[in-house]
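**Q** Let the sequences and hints guide you as you build the complete structure.
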Amino acid sequence: MAQLSSIGLVVIFGLSRASIPIEYPTRERSVPLGLKCSYDFIIIGGGSAGCLLANRLSEVAQWNILLLEAGEDEPFTSKVPFFPRVSQKTRIDWNFTTTKQRNACLSNDGYCEVP
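Residue numbers (mature numbering (1 follows the signal peptide of the UniProt record, and there is no 0)): -18 to -1, 1 to 97.
Don't read these hints as lab results, they were simulated from the structure. Incorrect hints may appear among the rest.
What follows is a set of in silico ranges between Cβ atoms, one per label pair, in the way DEER data are often shown [stated by the list, open to error]: (1) 89 x 16: 46 to 56 angstroms; (2) 20 x 78: 25 to 35 angstroms; (3) 91 x 27: 21 to 31 angstroms; (4) 19 x 90: 25 to 35 angstroms; (5) 17 x 87: 37 to 47 angstroms; (6) 88 x 33: 12 to 22 angstroms.
Ideal Cβ positions, reconstructed from N, Cα and C, are used throughout, including at glycine.
**A** This is the structure we're talking about:
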């Protein structure tokens, strides 16, 4: 019973923290932002695939590659398991959903939110 109430407190604390605006300090950029007039490749999205692709393309020294990532530094909650769920429906959420599901996410008309 004590474990159940502890879990409830953690969930309530997490949800209450999600509604409080927090200012996050931005990191000083270690890479200069000197943009060029043209690029051989422009990669949109700095996720795992985008970064991997940019890294592989940069092995050819003659190519100019630009990797674009939207947004700002991630909040500390993105590193904690389960807590990225509290980032849904915020300014860092792209509002992606699955295709309509027949037997899932019925409270959301069959569309599941993708974190």
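**Q** Run every hint past the structure and note whether it holds.
**A** Consistency of the hints with the structure:
Roughly 49 angstroms separates the CB atoms of residue 89 and residue 16, a value that falls within the hinted 46 to 56 angstroms. Between residue 20 and residue 78 the beta carbon distance is about 31 angstroms. The supplied range of 25 to 35 angstroms therefore holds. In this structure, residue 91 and residue 27 meet the distance hint of 21 to 31 angstroms, their C-beta atoms being roughly 28 angstroms apart. Taken as a hint, the range 25 to 35 angstroms is violated for the pair residue 19 and residue 90, whose Cβ atoms sit roughly 45 angstroms apart.
Between residue 17 and residue 87 the CB atoms are about 42 angstroms apart, so this pair conforms to the stated range of 37 to 47 angstroms. Remark: the range hint 12 to 22 angstroms for residue 88 to residue 33 is contradicted by a beta-carbon distance near 36 angstroms.
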